[in-house]
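S.K.: The chain contents come next:
2 protein chains.
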Amino acid sequence: MESYKSFDPTEHGLSSNFRCKVPQEELLKLLESLGHGDHREGSIGIGLDSCVLPTRHDGISIVQTTDFFYPLVNDPYYQGKIAAANVLSDLYAMGVTECDNMLMLLGISSQMTLQERRISTKLVMEGFRDACLQAGTSVNGGQTVLNPWYIIGGVASSVCSRDEYIMPENAKVGDVLVLTKPLGTQIAVNAHQWLEEPSQWEKIEQVISKEDVIKAYLTAMFSMARLNRNGAKLMHKYGAHAATDVTGFGILGHANNLVQNQKESVSFIIKSLPIIAKMAEVAKACKINFKLLEGFSAETSGGLFICLPPEQAAKYCEEIQQLDKHQAWIIGEVIAGNHKATISPDVQIIEVDYY
Amino acid sequence: MESYKSFDPTEHGLSSNFRCKVPQEELLKLLESLGHGDHREGSIGIGLDSCVLPTRHDGISIVQTTDFFYPLVNDPYYQGKIAAANVLSDLYAMGVTECDNMLMLLGISSQMTLQERRISTKLVMEGFRDACLQAGTSVNGGQTVLNPWYIIGGVASSVCSRDEYIMPENAKVGDVLVLTKPLGTQIAVNAHQWLEEPSQWEKIEQVISKEDVIKAYLTAMFSMARLNRNGAKLMHKYGAHAATDVTGFGILGHANNLVQNQKESVSFIIKSLPIIAKMAEVAKACKINFKLLEGFSAETSGGLFICLPPEQAAKYCEEIQQLDKHQAWIIGEVIAGNHKATISPDVQIIEVDYY
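As they're listed, the protein sequences go chains Y and W.
Using the working numbering, the first residue of the first sequence is number 1, and each one after it goes up by one.
Using the working numbering, the first residue of the second sequence is number 1, and each one after it goes up by one.
In case anyone wonders, no lab produced these hints; they're calculated from the structure.
Take these hints with a grain of salt, some might be off.
Any copy will do: because identical chains look the same in the list, a pair fits if it lies in one copy or spans two.
Below, a list of computed lysine to any residue pairs in the SDA-like style, where the Cα atoms sit at most 25 angstroms apart [what the hints assert, rightly or not]:
hint: 1; residue 1: 284; residue 2: 294
hint: 2; residue 1: 122; residue 2: 148
hint: 3; residue 1: 233; residue 2: 54
hint: 4; residue 1: 233; residue 2: 60
hint: 5; residue 1: 233; residue 2: 53
hint: 6; residue 1: 287; residue 2: 202
hint: 7; residue 1: 291; residue 2: 144
hint: 8; residue 1: 215; residue 2: 310
hint: 9; residue 1: 287; residue 2: 252
hint: 10; residue 1: 203; residue 2: 337
hint: 11; residue 1: 287; residue 2: 136
hint: 12; residue 1: 172; residue 2: 264
hint: 13; residue 1: 287; residue 2: 166
hint: 14; residue 1: 237; residue 2: 192
hint: 15; residue 1: 233; residue 2: 285
hint: 16; residue 1: 284; residue 2: 144
hint: 17; residue 1: 291; residue 2: 198
hint: 18; residue 1: 263; residue 2: 346
hint: 19; residue 1: 203; residue 2: 136
hint: 20; residue 1: 284; residue 2: 164
hint: 21; residue 1: 233; residue 2: 222
hint: 22; residue 1: 315; residue 2: 345
Nothing here was measured: the structure is a model prediction, and the numbers come from that model.
Use the sequences and the hints to build the structure in full.
M.R.: Here it is, written out as structure tokens:
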């Protein structure tokens with residue numbers, strides 16, 4: 001367990017049950033109805049992590065992404081770090097390691113007292129800024145509104161030459177799939193809330209102790225706050241063929257988006273699921289269908305999901321462990337196929353120790 | 001009056017009392033708690049409408065801005081256009097005429113029915129997209145969440161060489177001040193709401209007819225939806241020394257930000273205020289202190305406020321009238337001074353005809 005002093009509950013006000021993204025189906029329907037996107041050569045749009053757009057300057061593209069969402073954790077400082085790590089992750093998934101600018105997007109809860117707003121906003125902004133500094137970038141610009149619900153997010157932009165990003169489209173039969181963070185963050189965050197909800201807690205207390213719920217929650221928090229930047233750097237070093245990051249649509253949702261973008265006729269088969277310890281049991285016991293084992297449980301600021309040449313994958317995992325002090329896993333294979341991602345029927349659950 | 005068929009919710013399958021708006025009462029309460037009449041904060045880059053950041057590529061900067069806010073008008077399509085025009089305006093204020101990418105930020109109201117959400121979101125997105133196409137750019141990327149209140153906004157980015165933007169810092173004594181859109185949009189939007197609020201309507205019915213309220217509202221709507229792009233192009237042609245755009249802080253708020261950013265010891269004096277017809281009287285009669293004549297009434301997607309050499313200003317105004325079919329005005333002067341913007345005690349109100 002990393003050394004961490006819990007956020008003081010007297011500064012509460014960032015209740016974490018707000019998360020509610022628009023269902024992917026509905027969003028895609030809306031976007032399609034617009035003939036969404038751009039027809040300029042070399043631009044890519046929906047389904048992928050960042051847009052890549054040629055500029056009026058020869059050989060220079062802009063790679064850009066935005067994300068904003070509702071708080072997940074009680075600690076506003078960590079919430080800020082998670083928000084920044086989550087936005088930056090979409091650049092990292094494209095192999096972009098340098099962010100030229102970050103904008104911060106904030107909706108400050110109108111339901112808080114003035115005091116609560118001031119304290120929590122200061123902490124959120126500090127966490128966001130610190131994660132950006134760690135990423136070698138800084139926050140210049142943004143927008144703040146009052147809103148019934150707290151909102152935190154950002155916009156990450158990188159002005160890149162062609163060799164600075166990796167188009168996520170060159171997976172080859174025989175590649176292996178690597179994942180750089182464990183799954184189960186949503187379950188961990190929910191289980192932590194259930195400590196204060198007796199009717200839910202009763203359902204899971206047979207499979208997990210309160211102490212382990214707290215450990216799982218903090219593991220999720222640290223994992224979400226960790227940058228995928230080293231993972232992105234190593235994608236270049238070890239010749240990654242394609243990558244995405246695992247967020248709201250779950251590992252299989254993102255794997256499907258990625259496999260549909262591949263030039264060659266490939267499919268992905270996922271043979272193991274690294275999950276924060278005991279979260280698979282909690283997911284089963286809680287009677288809420290998170291679809292964790294089906295691969296659809298939402299993650300926030302999840303790991304990179306990378307197609308790597310088989311001879312490089314072990315070295316990739318070894319080096320990222322050295323740099324980040326956390327494990328990455330070979331979780332599956334790229335096979336010949338018709339652009340489908342599936343989880344193997346005999347999928348192995350890897351219980352990931354608490355950080 | 002431009003040809004415009006009023007937004008009819010029933011034509012889109014919505015009930016006739018559908019409003020794509022934040023409950024006004026609730027919003028006003030929030031604004032009071034903030035201590036000023038605006039729900040927006042400016043970007044972190046003090047004095048600049050957009051941030052300008054050098055990139056890792058020689059001579060290439062990224063110019064970027066974001067804004068998002070709550071709906072102002074009932075017509076979702078126009079609301080989308082206004083949001084895009086408002087975001088782009090911050091680039092235009094820097095003389096940047098080419099936007100390389102737009103991201104769209106949406107919060108879809110969780111208080112709407114599924115049907116209302118789909119229809120209104122489709123229209124908002126179409127308006128946003130059409131304004132972007134008109135601006136020669138397109139929407140690639142963004143984020144959508146469900147939120148109690150409707151939110152619409154975007155992120156505009158331009159990758160620029162040094163000659164493509166005009167740093168707003170070179171105003172000279174003897175320059176004149178030009179404004180490209182009339183003031184009074186906030187009053188017009190409010191007056192239009194008061195048509196349905198008898199207690200407020202009673203206060204203004206002595207000074208304006210219902211018909212003229214509707215005309216003023218539509219004039220405001222068309223004005224907010226109009227791009228400042230031609231204004232930006234002409235800033236280069238006529239050698240503008242500095243500019244900003246008029247939004248949430250009102251004309252004097254933005255004039256003050258701009259004058260404080262000037263290298264030379266100058267002040268601005270505003271001698272006339274072009275205001276949508278009858279809005280000055282409405283502002284006075286309504287007993288709500290919008291501070292319109294004091295220069296602090298919030299505008300959305302307002303005009304460019306430009307410091308131009310005196311021999312160029314008339315030509316600038318003439319050409320923008322030809323291109324945009326709407327007037328611009330010489331409203332004041334740059335004088336020697338200590339970085340203050342003031343409105344002349346004998347300021348002249350220019351009543352601007354309904355579009």
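S.K.: Are there hints from earlier that the structure breaks, and if so, what are their numbers?
M.R.: Per hint list: 8, 10, 11, 13, 14, 15, 16, 18, 19, 20 and 22 violated.
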